[in-house]
Amino acid sequence: MAVDKKIVLRFPKRMVDRPIVYRLVKDYDLEFNILKASITPEQEGLLVLELKGNQQEYDKGIEFLLKAGVQIQSLSQDVTRNEERCTHCGACVTICPTGAFKVDPKTRKVIFEDEKCIACGLCIPACPPRAMEVHF
Amino acid sequence: MVKTIEEINEKIKAGKAVVFNAEEIIEFAREKGVKKTAEQVDVVTTGTFGIMCSSGAYFNVGHTKPRIKLGGGRTYMNDVPAYTGLAAVDLFLGANALPDDDPRNRIHPGEFNYGGGHVIEELVAGKDIRLEATAFGTDCYPRRKLETWINIKDLNEAVLFNIRNAYQNYNVAVNTSDKTIYTYMGVLKPNLGNANYSSAGQLSPLFNDPFYKTIGIGTRIFLGGGTGFVAWQGTQYNPSVPRTEKGIPKEGAGTLAVIGDMKQMSPRWLVGASVQGYGCSLTVGIGVPIPILDEEVLRYTLVTDADIVAPVIDYSDAFPQLKPDKLGEVSYAELKSGKIKIKGKDVPTASRSSYPKALEIADILKDWIKQGKFFLTSPVEKLPGAESGVRVRPLKERPIEE
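Protein sequence lines correspond, in order, to chains C and Y. Numbering of the first sequence is given in our numbering, commencing with residue 1 and proceeding in unit increments. Numbering of the second sequence is given in our numbering, commencing with residue 1001 and proceeding in unit increments.
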C-alpha cells in the first residue's frame, strides 16, 4: 500500500551533520520533497518533508528516524487558525502557495484546508488580525 | 408613494417596520417590482467590515491628585504614544500609532504586531491598559510623572472618532514590478501575481446611497458594535469623480467621519490590524440604515456587484508616484469570481474587507430596527454632492526659502 505524508523532523544538534534523508532514500526507497528546512548553529535542525512510498518501508523508515533520535510530528497540527480572531477578510487567499485557503462562493467565508498546508508560514504575518498560528 | 422618516420611526416603534439587508432587497425587488417594493419596505440596512485607517479615539482619563497636565508632555498607552496636545487629561490615540521601540521596517517587511488599533481593541474588550506619562509641571498642575492601570469603565469619556471611514469604492491593487511588495492593500506578488480589493460592494453603505440622498451629518449608524453617528464628510472626500450611468462612482469617492461612545462597543467589531511592511491600523465595523422614502431611494439600494466597477492600480509605480495611470477597470462581480484579466493575464483576486462580517452587521442592524431598539434620523445637514465641485487635491509643495 502506498503512503504519502507530510511530517516535521527535529534533529538534535549532534545529528545535524548526519545524512539522514539519504538513508531514507537508499534503504527504504522513499521519495521525498523538502518543504522547509532550517538549521540553527549549535542548536537543532528542523526539516519539513513530504514522504512517499510503500507503507511497510515508510514505517521502517520512521522507525529508523526515531531510533536515530529524530523527533517526528505530523504537519497538520502545526499551522492552525484561531477561529475567534479570523474575520474572513480573505487576505490569506492569494498568499498561500499551495491554495490551502479558499473562499466559499456562497457564504464568502474563507475555508482553511489544513491538509494542503505545507507550513511555510507565509500566511502568518500576512494575516491582519493575526489569526494564523504556527506551532513548531 | 412617499414616506417620511417620522412615519418609518412610528412603524419601528409599533414593531411593524419591514426591513431587508442590501443583499436581500435585490432579490425581493426583482420579484415584486420597484413600485411595490418601495411601498412595502421601510428600511434597507448596509454593512462594511474592513481595515479603516484614519480611525482613532479620544479619552478623558480623569484628574489625578495632585493634578498633572499631560498636555505638552508625553503619554503612552501600553507603550503606544497618545496625542496630548489638547489639555490636562484629554488624549487622542490614533490607530496607526506605534510604540517608540517598534522596529518598524528596519528589517523589511516589518510585522507591526501592536499599535494604536490594538490598544482600542483591548480597551473595548475591557482589558486594563498601562498609562504612563511624563509632564513638565506647573503651579496649578505640579505633578510630573504618572504610571497607572486604566480601564474603559473608569474613564470619563471614551469616544471613537474616525475621521475617514467607509470609502465609497476603492482601488484594486496589483504589482507589475519583479519584486514582492508589502502595501496597505496587502502582500502583492510580482508580475501581476495577485490583485487585492477592499469593499463590501453591493452591501457597502455609500454604494447604496451614491448621491448621499439619505446619509448625511447626524445619521445614526451601527459603529463598532454600538450606535454612533455620521459626524461630517470624511477626509479626502471626493464626490466629483466619474460615475457610471447608474451614478456609482468608478473610483474612491465619498467617505464618512463617524463618532460614537466606545463604552458600548465590542472587540468583535473593532479589531486591531497588523499590516505587514506597512503598519498598524484598526478593522472597523459600520452599518448604515437607508430609509426607503421613495422609489428613487429604493432604486439605488438595488445596486449589485455587477454594477460596480473599480480601477486597477499598480502599487509598484502609479500609486507611490501619484501617477493617474490605471491598468483597467473591473466589476466587483468579476473580483468575487476569484480571478480577473489584466493585460491578458489571469490574476487571482483576494478581498481585504470581510463580506461575511459586513452581512452580519447589516443583519444585526436589521434586528435592532425590527425589535424597536434603533430609530432612524434625518440628516441635520447634507454631505456635499457630486455637483458641489468639492474634490480632493494633492499637496502643492512650495520650497521654503530662507
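Everything labelled a hint here was simulated from the structure, so no lab data went into it. Don't take every hint at face value.
Said to hold, decoys possible - Listed next, the stretches of chain Y that the computed footprint assigns to chain C, with coverage defined by at least 3 CB atoms under 8 Å from CB atoms of chain C: (1) 1144-1154; (2) 1235-1248; (3) 1274-1281.
Unchecked claim - Far from chain C by the CB rule (all over 10 Å, computed), these chain Y residues: (4) N1009; (5) I1364; (6) F1375.
Everything numeric in this text was worked out from a predicted model, so none of it was measured. Cβ coordinates follow ideal geometry from the N, Cα and C atoms, glycine included.
Here is how each hint holds up against the structure:
Counting residues of the segment 1144-1154 of chain Y whose beta carbon lies closer than 8 Å to any beta carbon of chain C gives 0, which falls below the threshold of three, so the coverage claim is violated. With 0 residues bearing a CB less than 8 Å from a CB of chain C, the segment 1235-1248 of chain Y misses the requirement of three and the coverage assertion fails. Proximity of the segment 1274-1281 of chain Y to chain C, defined as three or more residues with a beta carbon under 8 Å from a beta carbon of that chain, is established by the 4 residues found. No beta-carbon of chain C is positioned within 10 Å of the beta-carbon of N1009/Y; the least distance is around 32 Å.
The claim that I1364/Y is not at the interface with chain C holds, since no C-beta of that chain comes within 10 Å of its own (minimum 15 Å). In this structure F1375/Y is separated from chain C by more than 10 Å, as the shortest Cβ-Cβ distance comes to about 29 Å.
The structure fails hints 1 and 2 (numbered hints given earlier, in ascending order).
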